[in-house]
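Go ahead and model the full structure; you've got the sequences and the hints to work with.
Order-wise, the sequence lines are chains A and B.
Mapped onto the working numbering, the consecutive letters of the first sequence carry residue numbers 3 to 148.
Mapped onto the working numbering, the consecutive letters of the second sequence carry residue numbers 3 to 148.
If you are wondering where the hints come from, they were derived from the structure by calculation, not from laboratory data.
Check before you lean on any hint, since a few could be wrong.
To be verified - Calculated lysine-lysine pairs in the DSS-like style (CA-CA distance at most 25 angstroms, straight line):
#: 1; chain 1: A; residue 1: Lys-79; chain 2: B; residue 2: Lys-79
#: 2; chain 1: B; residue 1: Lys-49; chain 2: A; residue 2: Lys-128
#: 3; chain 1: B; residue 1: Lys-75; chain 2: A; residue 2: Lys-79
#: 4; chain 1: B; residue 1: Lys-49; chain 2: B; residue 2: Lys-19
#: 5; chain 1: B; residue 1: Lys-49; chain 2: A; residue 2: Lys-49
#: 6; chain 1: A; residue 1: Lys-128; chain 2: B; residue 2: Lys-75
#: 7; chain 1: A; residue 1: Lys-104; chain 2: B; residue 2: Lys-75
#: 8; chain 1: A; residue 1: Lys-128; chain 2: A; residue 2: Lys-104
#: 9; chain 1: B; residue 1: Lys-128; chain 2: A; residue 2: Lys-79
#: 10; chain 1: B; residue 1: Lys-104; chain 2: A; residue 2: Lys-49
#: 11; chain 1: B; residue 1: Lys-104; chain 2: B; residue 2: Lys-128
#: 12; chain 1: A; residue 1: Lys-128; chain 2: B; residue 2: Lys-104
#: 13; chain 1: A; residue 1: Lys-75; chain 2: A; residue 2: Lys-19
#: 14; chain 1: A; residue 1: Lys-49; chain 2: B; residue 2: Lys-75
#: 15; chain 1: A; residue 1: Lys-128; chain 2: A; residue 2: Lys-75
#: 16; chain 1: B; residue 1: Lys-128; chain 2: A; residue 2: Lys-75
#: 17; chain 1: B; residue 1: Lys-19; chain 2: B; residue 2: Lys-104
#: 18; chain 1: A; residue 1: Lys-19; chain 2: A; residue 2: Lys-49
Residues per chain, in single letters:
Protein chains: 2
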Amino acid sequence: MLTRIDHIGIACFDLAKTVEFYRATYGFEVFHTEVNEEQGVREAMLKINSTDDGGASYLQLLEPVREDSTVAKWLAKNGEGVHHIAFGTADVDAESADIRGKGVRVLYDEPRRGSMGSRITFLHPKDCHGVLTELVTSATVESPEH
Amino acid sequence: MLTRIDHIGIACFDLAKTVEFYRATYGFEVFHTEVNEEQGVREAMLKINSTDDGGASYLQLLEPVREDSTVAKWLAKNGEGVHHIAFGTADVDAESADIRGKGVRVLYDEPRRGSMGSRITFLHPKDCHGVLTELVTSATVESPEH
Chain A
3 MLTRIDHIGI
13 ACFDLAKTVE
23 FYRATYGFEV
33 FHTEVNEEQG
43 VREAMLKINS
53 TDDGGASYLQ
63 LLEPVREDST
73 VAKWLAKNGE
83 GVHHIAFGTA
93 DVDAESADIR
103 GKGVRVLYDE
113 PRRGSMGSRI
123 TFLHPKDCHG
133 VLTELVTSAT
143 VESPEH
Chain B
3 MLTRIDHIGI
13 ACFDLAKTVE
23 FYRATYGFEV
33 FHTEVNEEQG
43 VREAMLKINS
53 TDDGGASYLQ
63 LLEPVREDST
73 VAKWLAKNGE
83 GVHHIAFGTA
93 DVDAESADIR
103 GKGVRVLYDE
113 PRRGSMGSRI
123 TFLHPKDCHG
133 VLTELVTSAT
143 VESPEH
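Encoded structure:
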């Protein structure tokens, strides 16, 4: 079961400037930053609210750290904006298998490392009405009950 | 203060098909449907989770009902995908005034009617790093305390 909007992934050219925009305009503070070398991004997580499944919803601001990253290519084509959305689940492995069985292309054979030690996978946007969709299981223990 | 991700607005060509995709793939059910004549859209709200400010986070699936609507024009240019994001606040009027005072263009002089009797406004995407951003105050009473 997918039990929350985990985050909205927003691609930007300059992470520091974009973080400052969200702080100055809305008061959102940085909760966590990291570089994901595999994804080729530097990211800042801004926690917006907690959710009733014991998790939280974030904005994930993403700046590419190399020109051949998928986010760099996406930015070159689209400019800044919403890159993907992510749903939280207690069991990304089971959800991935279930969704793959319904004919939706799951981009990874096995979930990979996401923000803050989470495990993630992505669904092909062409199978999801144009929306690049991520599934996330947090590193912190999540209850399977909603 | 903006206290939650209220919704992610997703533009689609065929609302019934897109609703069915989200139901069949993820188990998300329709919480509410309506036509917003002013915005020129037919919409379905899928409730994903409750939030710690007493509100909730939704997916808002949007199908244009006339060719001159902004969503119809957006779809013709971009295809299906994430159209906007929305933050919830107890006081959209005060937030709009505050954000306008910071130099961000607010698209309406006064908030207008949104989903489920809410009051909404939009911020210009060019002032928000490419993200069309909506502010929402729900029709139900919201506490000003987070």
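Going down the list of hints, with the structure as the test:
1. A C-alpha spacing of about 13 angstroms is found between A/Lys-79 and B/Lys-79, which places the hinted pair at or below 25 angstroms, so the restraint holds.
2. Of the pairs offered as hints, the one joining B/Lys-49 and A/Lys-128 holds, with about 23 angstroms between alpha carbons and a cut-off of 25 angstroms not exceeded.
3. With a C-alpha separation of about 19 angstroms, the suggested pair B/Lys-75 and A/Lys-79 falls inside the 25 angstroms cut-off, and the hint holds.
4. At roughly 18 angstroms between alpha-carbon atoms, B/Lys-49 and B/Lys-19 fall within 25 angstroms of each other, so this suggested pair holds.
5. Between B/Lys-49 and A/Lys-49, the direct Cα distance comes to roughly 20 angstroms. Compliance with the 25 angstroms bound is thereby established for this hinted pair.
6. With a C-alpha separation of about 20 angstroms, the suggested pair A/Lys-128 and B/Lys-75 falls inside the 25 angstroms cut-off, and the hint holds.
7. Proximity of A/Lys-104 to B/Lys-75 is assessed by CA-CA distance (about 32 angstroms); at most 25 angstroms being required, the pair is judged violated.
8. For the suggested pair A/Lys-128 and A/Lys-104, the alpha carbons sit about 14 angstroms apart, so the restraint of at most 25 angstroms is met.
9. Straight-line distance between C-alpha atoms of B/Lys-128 and A/Lys-79 comes to about 16 angstroms, which keeps the hinted pair within the 25 angstroms bound.
10. Annotation: proposed proximity of B/Lys-104 to A/Lys-49 holds, straight-line Cα distance about 22 angstroms (limit 25 angstroms).
11. With a CA separation close to 14 angstroms, the supplied pair B/Lys-104 and B/Lys-128 stays within the 25 angstroms bound.
12. At roughly 38 angstroms between alpha-carbon atoms, A/Lys-128 and B/Lys-104 are farther apart than 25 angstroms, so this suggested pair is violated.
13. Taking the CA atoms of A/Lys-75 and A/Lys-19, the gap is near 20 angstroms; set against the 25 angstroms cutoff, the hint holds.
14. With a C-alpha separation of about 32 angstroms, the suggested pair A/Lys-49 and B/Lys-75 falls outside the 25 angstroms cut-off, and the hint is violated.
15. Taking the CA atoms of A/Lys-128 and A/Lys-75, the gap is near 17 angstroms; set against the 25 angstroms cutoff, the hint holds.
16. Distance restraint check for B/Lys-128 and A/Lys-75: the Cα-Cα separation of roughly 20 angstroms lies within the 25 angstroms cut-off, and the hinted pair is therefore satisfied.
17. Distance restraint check for B/Lys-19 and B/Lys-104: the Cα-Cα separation of roughly 41 angstroms exceeds the 25 angstroms cut-off, and the hinted pair is therefore not satisfied.
18. Of the pairs offered as hints, the one joining A/Lys-19 and A/Lys-49 holds, with about 18 angstroms between alpha carbons and a cut-off of 25 angstroms not exceeded.
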